Structures are given as structure tokens and as C-alpha cells.
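S.K.: Next come the chains, spelled out residue by residue.
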Amino acid sequence: MAITIDEAVPGPAPHAAPRARRRGGRARRVVEVVLLVALAAAMLFPVLWMLETSIKENRDVYAVPAKFFNFDFTLDHFKDVFVSPDGGRSDLSVSFLNSVIVAGASTVLATVLGVPAAWAYSRFTLKAKKDQLFFILSTRFMPPVVVVIPIFLMYRELGLIDSKLGLILIYAAFNVPFTIWMMKGFVDEVPSEYEDAAMLDGYTRLQAFWKFTLPLLVPGIAATAVFALIFSWNEFVFAIFLTSSQEVRTAPPAIAGLIGGTTVDWGLVAASAVVFAIPVLVFAFLVRKHLVAGVTLGAVRR
Amino acid sequence: MAGIEVTSLHKRYPDGTVAVEHVDLSIGDGELFVMLGPSGCGKTTTLRAMAGLERQTSGDIRIGSTLVNDLPPAERDIAMVFQFYALYPHLKTRDNLAFPLRAEGLPESEVRERVAEASRMMRLDALLDRRPQRLSGGEQQRVALARALVRRPRAFLMDEPLTNLDAELRADMRTEIKHLQAQLGTTMVYVTHDQVEAMSLGHRIAILNKGRVEQVGTPLEVYDRPASLFCAAFIGSPPMNLIEVEVDDGSLRGPGGLRLTPPAGLPRDRTLVAGVRPEALEVTVPGAEGSVPARVISAEVLGDEIIYVLDNGGERDVRVRMPPTVRFAADAPVGLRHAGGTPPVYDVNTEELVA
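Residue numbers (full-length UniProt numbering), protein chains in the order written: chain A, 1 to 302; chain B, 1 to 355.
The following block holds chain A by itself, in its conformation from the complex (with noise of 0.2 Å):
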């Protein structure tokens, strides 16, 4: 994601350097671009690393002395990601598939209720509103860590444990308190007069909202659904201790249980975080102006 900070975070101008900085601009440069490329290969040498295991022949993977470029180049990891030694699908392919449906359902949920109640606290006027916006926050204070035993003893009472719905359950409450504060900030954006005018052309109040705030919400739906997306498929402590079953698993506890036992197909690790990593970066280029805005959101009064 480094890609979108330089993008939208504008750099100091150049020319408002006071004159006595910039004869020491040069040397000051150089060691800047020096120091950045360091810390960028340092950063992005796992990545590289992963990407490059994925495509080497596995002979290659384990060589010793490591090989950087001379490498033989296959597909076959990505071919067993998806595809089992028998032909038939994968176990991961399975998990893939259950972290989409998983994600996919969660966010859907999530942005069905908390679209709706967002534009309420934006509207009305609300006992003790600000009360209960820090209540629905304060949910999201604590690491999931510590919640997921009594979690875990609630699923196995409701026969939730080692089931899909209950990971969309617990994803999409995780999710609802963040859709419902990220939704607020741009339902109140948008002038509430919209919804007095239609009122007063005859529309109620529900009507005036799904015909004309909401087609003006869509854009940050997108990018809140996104936000969304983007957790429920990276989430990992859940995924771990309510599921168990390989038909029930998500891609993240599935790809961790590759490592372990007696020996690790490394290619076929790096292949699966490769395919898995693939969503996450798509989207995030998709909302990268967003997650800017949401560093700041609130510093800046329009």
C-alpha cells in the first residue's frame, strides 16, 4: 500500500524551503533516496520472496546457496492451489471459495444494517446519540483475542460452531459498528434539504432517502463495503477457533495449516499467499484515496 501514500499525501513544495535549507538540499537528497530505497527493499523483500517462490521450480525453492534470478520457472503451484494430486479440487480451493462467501456475506450484512442506521444518526435527533455512537465504537476496542472464548462457548450453545454462518455472524458484527461510523461522515455530507425538498414533493421520508441520498451514498458505500471486504477476508483469530472442518475452514487458518508437520511445500505456500493476497491488493488500490481520508477523517473541517 505505499503506492497510495505518496499518491495523495502531497510532499513538501519545493519552493518553500526557506533559503538556508536548500544549499544543503543536494546531499540531503541523496541521503533521503538512500535511506527510502533501504527501507523499501527491507519492506518488500518478503513480498518479492513470496512471489519468486511461487513461480520456482521446487528443486530451486530449497537451493543453497539461494537462487535469485537463475531460477527454473513453473505454474505448477498455482496449478496445486486449486487443483488436487487426483485432479478433482483442491482443499484449498474449497477454503478460497468459503473465504468469499464468507467475506461476501459478512460485508453484505453489514452494509444492509449499518447503511440505514448510519443515515439515521446522521438525521435524527436522538436521546443521548453521542452515547450510544462511543457504545457501538467501543466494541471495536478490544482485540478480538480477547473475546473469542466466551464467543466460541456462545457458538457452541447455538450449534454455530464449524459453520459458515456463524463466521458471517460474527464478521458482520465486527463489521457493523465500523460501516456505521464510516457511513455517518458521508451521509453528513450530504445536505439533508435533498430529503426535505422530495418530502415536500411528495415523497416520505424513506422514499426521499433511497431515491436521492442514497444514489448519492453509493460512492461511499463502495469504499466502506471495501473496508469491510478487506477484514473479513484477512481475519484470522476467528477463523481459527470456530471452525475446524476443511469444508468449513477460510483461506487464512487453511494456508497456516500448511506449515508444520514434517515437511513444507514452500512453493505451494507462496503460491496460495500470492493468490490470496491478490484481492486484498486490488481493492485497496480501489479505495487507496480512502484510506488516506480515513488517517484524517475528522482533523479537517470543510
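Calculated directly from the structure, the hints in this document are not laboratory data.
Treat the hints with caution; some may be incorrect.
[Said to hold, decoys possible] Facing chain A, according to a computed beta carbon distance under 10 Å, are these residues of chain B, among others:
(1) T17
(2) A51
(3) M80
(4) D159
(5) G185
(6) S200
[Unchecked claim] Quick list of in silico lysine-lysine cross-link-like pairs, BS3-like style, CA-CA up to 30 Å:
(7) K127/A with K211/A
(8) K210/B with K127/A
(9) K92/B with K130/A
[Said to hold, decoys possible] With beta-carbon atoms standing in for the labels, derived distance ranges:
(10) E108/B with P219/A: 32 to 42 Å
(11) A332/B with A128/A: 16 to 26 Å
(12) V108/A with E108/B: 31 to 41 Å
(13) E108/B with D188/A: 33 to 43 Å
(14) R12/B with D188/A: 15 to 25 Å
(15) F141/A with S200/B: 37 to 47 Å
(16) L126/A with S200/B: 53 to 63 Å
(17) R112/B with F141/A: 52 to 62 Å
(18) A128/A with R112/B: 16 to 26 Å
(19) Y13/B with D188/A: 10 to 20 Å
(20) P333/B with D188/A: 48 to 58 Å
These numbers were taken from a predicted model, which means no experiment stands behind them.
Using N, Cα and C, we set each Cβ at its ideal position, and we do this for glycine too.
Please arrange chain B on chain A, whose structure you already have, making use of the hints.
M.R.: Quick look at chain B alone, frame taken from chain A:
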């Protein structure tokens, strides 16, 4: 067309805030009625209750002879113009104008006729095929007015329609709205926090403060005899001088012995303040007849007039409006004289007009 009757309107929000406290208003048929007050005084809430966008906690609203308490906004036969124009962003000017008519289900031929008429009236013909984001603020507000016109409503409700325009355009639009209202003779309720707008537009003005009506009157009544200290301070720029006075020997005496014409029936046992407009005072040479000594603190030269700020030993400085030909230097000793008629007098404790 119809008048609007508001009877003991009360609005309390779920969070406990009281926005409007038992407000009574009687707006005549064909009247341009202005509700004026600082932000949070309840003027917009009152207007929104008339429109039906806000349900009052108690009290009645009648438009014409119809009790509209339970009618949805669309059935009240009113049109509203908003501060942010609220033109539908995805529709061209033409369709924005036609929208309320089509929502009513009028035949297309009549829709076209009425849109053409409103567009001619507000001079929008060149803008009919543009979308709102391609219009300037002033143009958007003209479209918003036209959209209110096409419905031929019984009353117009205007919620600070000129606040977002720049000063020059605001003056133009003010004239336009006044002219339009006179031409159509439709009842118009106009909400603003700008006292100049209120004075120049309104047939009558209601001044609201903290959810209550402080005064209702014609612009001149409101200017000459503000009903409370709040109104006195709110109307006029620079505001009225509030001079602490004593009843002395059948006359009013201010700080430094400044004499004011006393109104009849003054109570003797209360702490009083007289409201004196800056133009009802005069700066003279020191020792002129009937003047008290004062000192010039500052002079604001505005071109057509000079506002002198004087210290005559009272608690507050006194502002005096003088023609630009009369010049006194800052810090100069001068005389101060009352040159107007009987000033309104207020009780400091109740903040109300006593005589």
C-alpha cells in the same frame, strides 16, 4: 393563498432540548413575514414545523382554515426554498422545475406550460438544459425559487435562502424576492439571522430568542421601540446605546448629567436603561448648550457617515452616528447631546420595556 396561524407551538427534541417554547404567530394572507433571530433561537424549527418536516410536541398550525398538524408536507400546499438550494443534482434545470409537478401527476402539457412561465419569470431560459453543478450559487438559488413558484402554493417558506450568496448578489436577490412576492401577492414566511435582510424585506418582523417570540412588529416599530433589551441589541448596526438612567425631577438623567426626554409613566423604584439610537445623539464642541463633556475613543469613517465611539463616564461607551463633514480627532474632548425624541426605557432586571 392563505394566512398561517401558529398557536402555542412547542417543540422538544428527544434529547431534551427545547427548540420552540409556546410560540404564537399570526401571519396574514399575502404578507411577507420575517422570522429573525440568532442561530438556535427556534426560527428554523418553527418554519420546519409549518412545512411539516418537523412534528411539533404540542400546539396547532393552521394554513388558511385547514388544521395541518397531521398532514404530511406534500399535502400542506406550500413550497420551501432552502439555504443549500436542494436542487436534485442528477436533474437538469428543466426537470428540476418540472419535478414537483410531475410528482403531483399533472398532465405533461400543463407541466411544460408552468415550467415555461416560471422560467420566464426568473429569467432562466438560458439555463434550462444545465445540471445544478454547472450553475453558479445565484443561478441555483433562482432555480430553487422558480421550483417553488411552479407549484403555485398557498404559501412560500424561505429558510435563509440568501445566506450562501456573496454580498452583492444577496442584495440583488433580496430585491428580486421582494418584487416577486409583491407581484404574486403570495404569503411568504422568511427566516433569516440577518437584520438588514429582515428590515428591508419584511412587512412585519418577529424577533425570536431562545425559542420565544420577543417582539412582532413592522420594521419601523421594531427599530424605534424594541420590546426588550435583546431586541434593542439585535436590531440596528451599530446597535442601540443602552444608557443607564435615573428619574430625576421629572426628567431622565444619564451618566455625566446627560439629559434625555422622559417618557410618561416611568416607575421610580427600578434600575432603568434607556435605549438611544446612534442617530439620536450628537457630538458637539465641548461646552455647547445642553451637552455633557465626553471624550472621543475612536472614529469609524465609513464614507457616508462617521461612527464616533465616546466615553462620557458611563458603564458602556456610547456610539454616535454623525455626517462625514463633522470631524473630531481621537482623544479630543467633545460634548455629547441628545437630539432625538423620547427613548424607550427598559428595566435592567426584567430586560423588558417599561415605558
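S.K.: Hints broken by the structure, by number, lowest first?
M.R.: Hint check: 5, 6, 9, 11, 15, 16, 18 fail, others pass.
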